[in-house]
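Engineer: Chains A and B, in that order, are what the protein sequence lines are. In terms of this note's numbering, the first sequence opens at residue 3 and continues consecutively. In terms of this note's numbering, the second sequence opens at residue 9 and continues consecutively.
There's no promise every hint is true.
Claimed, not checked - Below, computed lysine-lysine pairings styled on PhoX-like, alpha-carbon distance capped at 20 angstroms:
no.	chain 1	residue 1	chain 2	residue 2
1	A	K425	B	K443
2	A	K432	B	K383
3	B	K437	A	K289
4	B	K315	A	K289
5	B	K437	A	K432
6	B	K443	B	K432
7	B	K432	A	K289
8	A	K342	B	K315
9	A	K289	B	K331
Unchecked claim - Label pairs and their in silico Cβ distance ranges:
no.	chain 1	residue 1	chain 2	residue 2	range
10	A	R436	B	M203	53 to 63 angstroms
11	B	K296	A	V60	48 to 58 angstroms
12	A	E296	B	P70	54 to 64 angstroms
13	B	E164	A	G401	38 to 48 angstroms
14	A	A270	B	D428	28 to 38 angstroms
15	A	K226	B	D428	33 to 43 angstroms
16	B	G46	A	E296	30 to 40 angstroms
17	A	G401	B	G279	26 to 36 angstroms
18	B	D426	A	S423	36 to 46 angstroms
19	B	N116	A	R94	53 to 63 angstroms
Please keep in mind that the hints were generated in silico from the structure rather than gathered at the bench. Cβ atoms here follow ideal geometry from the backbone N, Cα and C, with glycine treated the same way.
Take a look at the letters that make up each chain.
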Amino acid sequence: MKSILFWLIPIALSAAPADDSFMIKGATVHTMAGAEMQNGSVIVRNGKIIGVGKNLAVPKDLKVIDGKGMHVYPGMVDAATEVGLIEVNSVRESLDTTEIGKYNPQLVALTAVNPSSEHIPVTRYSGITTVATMPEGQVIGGQISLMHLDGWTTDEMGIKPRAGLQMRMPVIAAGGRGGFVASDSSDGGGGGAFGRPSFAEAKRNYDKELAELSEFFESARRYKQAKDAKPAGFKPDLKLEAMIPIIEGKEPVMVTAVKEREIREAIAFSDKQKIKIILCDAGEANKVTKEIKEHNIPVILGPVLELPSSEDAAYDSPFTVAADLHKAGILFSLGSLRGKTNVDSRNLPFQAGQAVAFGLPPEEAMKAITKNAADIWGVGDQIGTIEEGKWADLMVTDGNPLEAQTNIRQLFIKGKPVDLSNKQRDLYEKYLNRP
Amino acid sequence: MKRFGIACLLGAALSAAGWGADTPVLIQNATILTVTNGIVKGSILLQDGKIAAIGDKVLAPPGAKIIDGAGKYVMPGIIDCHSHIMAEAINEGSVSVSSMVGIDDVLNPEDIAIYRALAGGVTTANILHGSANSIGGKTVVTKMRWGRNAEEMKFEGAIPGVKFALGENPKRAGSAQGGGFGAAPANLRYPATRMGVEDVIREAFNDARAYKASWAAYNAKVARKEVAIPPARDLKLDTLVEVLDGKRFVHAHCYRQDEILMLIHVADDYGFKIRTFQHVLEGYKVAKEIAAHGAGASTFADWWAYKIEANDAIPYNAAIMMKKGVLVSLNSDDAELMRHLDKEAAKTVKYGGLTETEALSLITINPAKQLAIDKRVGSLEVGKDADVLLYDAHPLSNFSKVEKVWIDGHEYFDRQDDLDGRPKKAIEKKALTDKAAPAAGGRGAQPAPQSLPQEGLRK
């Protein structure tokens with residue numbers, strides 16, 4: 003019975019004319035900007051939230067959605083993922099994350115997002131309304147794009163196409179998840195386990211990589227100087243041009259740094275280069291909380307459901323990092339990153355749920371994947387909470403979205419009801435009814 | 009036989025030293041999710057390696073350790089029907105029929121993944137050969153008896169299996185574009201298509217049938233006291249004859265509906281049964297046929313689109329197959345996923361509307377039935393092995409975690425002990441790394457090498 007009801011609601015909604023003005027009345031509203039509100043209402047007009055509170059008068063011209071027994075949350079934000087850039091992991095033609103070359107700051111993820119990707123409606127089904135989708139590279143992969151998971155075109159989806167630069171700290175050895183190994187493969191004399199170079203050689207290569215990276219930033223500075231001098235016939239360099247907001251500290255660099263040493267080196271690098279950074283996939287950030295806090299650096303953690311980074315690490319070490327960061331007062335969020343087998347953005351709330359099991363307060367977990375993500379990406383004035391003036395990215399649920407058993411009953415992006423059907427549900431209905 | 013004898017001796021020696029000699033444990037005031045007999049608010053007694061009593065009130069035997077389970081949940085140990093932990097080798101990828109090799113020969117009881125799986129509530133796992141071959145190696149059922157040796161990991165008396173694999177993986181080595189198994193274009197391996205995979209399996213059973221007949225003829229001659237020359241022993245075909253005789257289970261890796269039907273037809277033609285279809289992500293399309301064959305299905309909760317044959321995978325797969333009469337379980341195939349099969353099971357309530365008990369059955373009694381070990385494990389029933397989990401909240405809640413794990417009534421995991429032991433381990437580690445560090449170089453401080461990536465060999 004429950005499941006039948008569950009199917010009917012979205013169908014009925016999608017049949018209604020698209021309307022981005024309405025009122026949700028009598029629900030438990032979790033604004034993420036303050037305490038939860040029992041019997042609260044949210045008023046939306048032209049896609050924006052214009053009222054939140056108790057006992058709000060019902061505007062005459064607005065459709066009213068009965069929120070009795072329901073919960074309203076801001077739509078969730080996946081702070082780092084590859085939704086839209088990957089369709090089927092093993093099919094090269096369907097991958098658009100990784101360009102050739104080490105330094106590609108001029109590339110923009112949104113350019114390659116496929117608005118028809120099946121991953122978009124599948125991800126939405128979990129209540130995720132916005133993602134930061136990212137390119138990947140050996141060192142600098144390109145610009146991360148913040149986008150809504152709804153829209154006819156990438157133009158309509160985009161919130162902030164150049165939200166930050168994706169960068170990966172060079173590492174000395176291939177430890178942890180997906181670290182780029184600073185190694186000269188042409189040398190061949192490295193030896194070591196699995197063809198890895200010796201420590202001394204890896205260190206030499208690392209120093210070389212870091213020097214090259216520093217030189218790239220320096221050349222961006224020289225480029226800016228040259229450009230500012232306005233010489234006649236100046237020819238722009240697209241790579242270095244893209245670095246200007248970075249070296250000016252106007253746009254952040256999201257630095258992937260997993261291990262403690264890499265995190266410390268990333269912080270030192272940001273100091274030296276005077277750039278604004280966000281730490282990404284920082285699995286050992288809890289070992290560097292003092293420095294991260296002092297530098298006021300936000301952290302985007304990778305999936306909580308991960309294996310410990312080394313054989314002798316505590317079994318629950320990936321589960322407790324979020325709670326540690328919260329205790330240290332560090333602004334953090336979660337990103338599904340590439341996912342274990344493929345894009346796994348839809349499980350973002352359950353990743354957050356696992357952190358709750360291991361000490362993170364539930365409301366902080368929810369904040370991490372709504373408000374914090376929006377704040378980290380500099381769009382906290384537009385999305386991330388239920389407050390007046392923000393886009394009406396809302397989910398109506400029958401329980402806590404961090405629990406797998408909870409259903410998203412209705413989803414709104416910019417106030418527009420979003421179709422919750424997807425390929426997987428279509429196949430479900432089709433084959434459930436196979437005679 | 010010889011090995012069995014040694015195992016018995018070891019077992020005997022160990023029981024004197026602690027096997028089966030555990031203090032009885034009585035958990036009181038808990039919510040007991042039996043899976044097969046509803047939910048009991050009360051007590052459960054673990055004694056002599058077995059579940060001795062379940063009820064509102066259970067008297068504590070003398071010397072019993074009493075645990076207050078107020079607000080806590082008890083459920084049977086999780087059973088993973090598809091794992092590769094402990095295995096030192098996964099694929100004998102040089103030939104497409106490798107039924108002469110066995111995972112039981114390469115178990116590493118010191119794999120840290122065992123402890124991590126335990127901490128996620130897994131007590132039993134079916135350890136399989138990889139999916140590089142149409143007919144892979146022999147499989148073995150194990151218990152996560154962390155700290156015991158390889159022989160003691162094995163689930164005594166469990167019917168062994170053999171891994172089959174269909175679709176993209178076994179045909180990969182036949183592709184000139186190369187694949188995960190190291191075949192150079194000049195060294196292509198048959199098969200390269202799903203047609204070839206079927207043929208490889210048919211050829212193998214064609215051989216096995218003839219081989220079996222040659223032994224039958226020989227044995228008949230011997231029985232008649234005639235002069236007889238025994239056929240040459242073929243270790244590869246011996247395994248397949250066991251399949252034909254119903255003494256060994258077939259666990260078949262598959263994705264697409266066509267290959268599932270293909271294998272059912274091959275099995276019907278040669279007169280054997282497929283015990284489980286593994287992964288079986290399009291099982292929902294042919295649930296009726298799988299049920300009619302009597303095969304089980306062991307799948308993922310929501311993995312999809314990581315390769316073409318997984319593109320039609322849906323998280324409703326388990327629910328549809330279950331509703332259509334298939335015995336379904338959820339497996340991990342992965343040391344990480346293995347740590348949260350409980351949370352994977354919870355997703356089937358959302359995707360497909362299973363009840364909580366049905367969801368729990370996917371990781372307990374159903375895989376136990378698939379492996380024919382359900383008389384011993386898979387539910388909380390008096391007389392069954394005391395493979396029991398204690399949770400701090402409902403196991404299907406993402407906010408819950410495992411606090412204690414017993415196998416055969418012996419406590420193998422205790423979260424508090426793990427937490428308490430960490431400072432001591434840190435000191436021990438520091439002492440060891442200091443000792444290993446050469447005075448000048450400090451190389452000893454290097455991080456330990458990561459285990460080999462196994463991506464692409466499995467799934």
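Engineer: State for each hint whether it applies.
Structural biologist: To see whether the hints hold, each was checked on the structure:
1. Between K425 of chain A and K443 of chain B the CA atoms are separated by roughly 58 angstroms; this puts the pair beyond 20 angstroms, and the hint is violated.
2. Annotation: proposed proximity of K432 of chain A to K383 of chain B is violated, straight-line Cα distance about 37 angstroms (limit 20 angstroms).
3. The suggested pairing of K437 of chain B with K289 of chain A holds, with an alpha-carbon distance near 17 angstroms, which does not exceed 20 angstroms.
4. For the given pair, K315 of chain B sits about 37 angstroms from K289 of chain A by alpha-carbon distance, which is inconsistent with the 20 angstroms threshold.
5. Between the alpha carbons of K437 of chain B and K432 of chain A the distance comes to roughly 57 angstroms, so the proposed pair goes past 20 angstroms and is violated.
6. In summary, the hint linking K443 of chain B to K432 of chain B is supported, as the alpha carbons are separated by about 17 angstroms, within the 20 angstroms threshold.
7. Among the hinted pairs, K432 of chain B with K289 of chain A is consistent with the structure: their alpha-carbon atoms are about 19 angstroms apart, no more than 20 angstroms.
8. Note on K342 of chain A and K315 of chain B: the hinted pairing holds, with a Cα-Cα distance of about 13 angstroms set against a maximum of 20 angstroms.
9. Between K289 of chain A and K331 of chain B the alpha-carbon distance is near 48 angstroms, which puts this suggested pair outside the 20 angstroms criterion.
10. Checked against the given bound of 53 to 63 angstroms, the beta carbons of R436 of chain A and M203 of chain B, roughly 26 angstroms apart, lie outside it.
11. As the Cβ distance of K296 of chain B to V60 of chain A is approximately 51 angstroms, the hint placing it in 48 to 58 angstroms holds.
12. For the hinted restraint 54 to 64 angstroms between E296 of chain A and P70 of chain B, the CB-CB distance of approximately 59 angstroms keeps it satisfied.
13. Taken as a hint, the range 38 to 48 angstroms holds for the pair E164 of chain B and G401 of chain A, whose Cβ atoms sit roughly 43 angstroms apart.
14. The hint said 28 to 38 angstroms for the Cβ distance between A270 of chain A and D428 of chain B, and at roughly 36 angstroms that hint holds.
15. Range check, K226 of chain A to D428 of chain B: about 56 angstroms between beta-carbon atoms, so the 33 to 43 angstroms window is missed.
16. Restraint check, G46 of chain B to E296 of chain A: a C-beta distance of roughly 55 angstroms breaks the suggested window 30 to 40 angstroms.
17. Checked against the given bound of 26 to 36 angstroms, the beta carbons of G401 of chain A and G279 of chain B, roughly 50 angstroms apart, lie outside it.
18. For D426 of chain B paired with S423 of chain A, a C-beta distance near 44 angstroms keeps the hint of 36 to 46 angstroms intact.
19. For N116 of chain B and R94 of chain A, the Cβ-Cβ distance of about 35 angstroms falls outside the hinted range of 53 to 63 angstroms, so the restraint is violated.
Hint compliance for this structure: hints 1, 2, 4, 5, 9, 10, 15, 16, 17 and 19 are not met, and every other hint is.
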